[in-house]
Amino acid sequence: EVQVLESGGGLVQPGGSLRLSCVGSGFTFSNFAMNWVRQAPGKGLEWVSGITGRGGDTYYAASVEGRFTISRDNAKNTLYLQMNSLRAEDTALYYCAKFLASGWPAGASEIWGQGTMVTVSS
Amino acid sequence: QSALTQPPSASGSPGQSVTISCTGTRSDVGGYNSVSWYQQHPGKAPKLIIYEVINRPSGVPDRFSGSKSGNTASLTVSGLQAEDEADYYCSSYASSNNYVFGTGTKVTVL
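Chains as they are written, first to last, in this note's numbering: chain A, 1 to 122; chain B, 123 to 232.
The shape of chain B in the complex, shown without the other chains (with noise of 0.2 angstroms):
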């Protein structure tokens, strides 16, 4: 199962938008709504911050939103502001009854 593709790096400044795509194939992405996106700040473990393709837990600010067209997911997160300096990940649910994530992004707030 090859590693979804995702950007290694995006940037913006405090304010704007920055959109993350994860392009799969359909047999994972594509094939299923089990797109989930987690994000990493240096030295600390990954959190929750999409799942479900479009759905964000409990605490996580609405400026955070997901999206999947075909193959390919995608993470907006608007209003950025200092604090969203971080690495993302993508994961999906693949046909081979695994999960696969995406080979991550490294979102920098100019």
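Only chain A is shown next, with the shape it has when bound in the complex (with noise of 0.2 angstroms):
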């Protein structure tokens, strides 16, 4: 069965930082871009980030550009957000998502994990 299974939400205080992780199975890991979508409690989906299939090219929305660092380790089948100078409106629910191809554009995000919560409080 392909899957995609995330971890590392957590409460951290605003300006902290925080790792997400993704690992994926069922499928061939490096052959497909990945992203992250992060949902805000009661309110809509927002793209995060994303990379390339062998992680040659990253991009990023403008509300997180310099302060999140998307990555993967094909070899650990692992997709990973470093998330710095966290702030209170980036708390959400952050899905990890396989899109349908390898380069970029990637088309459409086909698998979606159940989420890890990141709370931004003091």
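It is worth saying that the hints were derived from the structure and are not from the lab. All figures in this text were calculated on a predicted structure; none of them were measured in a lab. All C-beta atoms, glycine included, are put in the ideal place defined by N, C-alpha and C. It is possible that some hints are incorrect.
What the hints assert, rightly or not - Which bits of chain A does chain B cover? Going by a derived footprint, with three or more residues having C-beta under 8 angstroms, they are:
1) 58-67
2) 99-110
Stated by the list, open to error - What follows is a list of derived Cβ distance ranges for each label pair:
3) A:Arg67 <-> B:Ser133: 35 to 41 angstroms
4) A:Gly55 <-> B:Pro130: 37 to 43 angstroms
5) B:Asn155 <-> A:Pro41: 32 to 38 angstroms
6) A:Phe27 <-> B:Arg185: 24 to 30 angstroms
7) B:Pro179 <-> A:Thr69: 26 to 32 angstroms
8) B:Ser133 <-> A:Gly15: 42 to 48 angstroms
9) B:Thr198 <-> A:Lys76: 39 to 45 angstroms
Take the two lone chains, each set in its own frame, and fit them into one complex as the hints suggest.
Listed below in structure tokens is the structure:
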């Protein structure tokens, strides 16, 4: 079964850092671009960041550019999101999702995890 | 990159059809055939139901169909069923090398 599983969420103070992880299984991880999408409580979906299959190209929403870094370790089938300088408005459920393609643009997000909650509060 | 515009709500009786619009610009919806639609039930992760404007992933009923005209994409759900009650989001690739989601539409089955 093709699936992705996120971890690493939690409560962090404003200005703090957190690293999210996402492990993929049931597919050849390096053959697919991946992305992070977030959803604030009671709100809609917001695209956060994406990375090509081989990890050579990364992309960010303007709202996180310069604060978040996406990366992947294809040997470990794992996607990461390093989040620095966190703000209250970053509070959300963060989903990891597998794209349909390897390059960029990578099509649609075919497989989604259940999400990991990040709360930024003092 | 501004969110794509969707109506906040839509509704229909069982068996009827409902169509949801998704309006963007030439820099996103109008410029690429990379429009997708997602269904999200309460407390669940989004599920892909349409990709590349008109294509359905395996397992998605053919009651769901997509189209696009100019800067507006549309999702039609025909033969509404109780389980179709959910939030629906469109998404498009954008010229800024990013993706953008729609504002979301809550579909109610009366």
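Do the hints match the structure? See the list:
{"no.": "1", "hint": "58-67", "in the structure": "holds (count 4)"}
{"no.": "2", "hint": "99-110", "in the structure": "holds (count 7)"}
{"no.": "3", "hint": "A:Arg67 <-> B:Ser133: 35 to 41 angstroms", "in the structure": "40 angstroms, holds"}
{"no.": "4", "hint": "A:Gly55 <-> B:Pro130: 37 to 43 angstroms", "in the structure": "38 angstroms, holds"}
{"no.": "5", "hint": "B:Asn155 <-> A:Pro41: 32 to 38 angstroms", "in the structure": "33 angstroms, holds"}
{"no.": "6", "hint": "A:Phe27 <-> B:Arg185: 24 to 30 angstroms", "in the structure": "28 angstroms, holds"}
{"no.": "7", "hint": "B:Pro179 <-> A:Thr69: 26 to 32 angstroms", "in the structure": "30 angstroms, holds"}
{"no.": "8", "hint": "B:Ser133 <-> A:Gly15: 42 to 48 angstroms", "in the structure": "44 angstroms, holds"}
{"no.": "9", "hint": "B:Thr198 <-> A:Lys76: 39 to 45 angstroms", "in the structure": "42 angstroms, holds"}
In the structure shown, no violation is registered for any of the earlier numbered hints.
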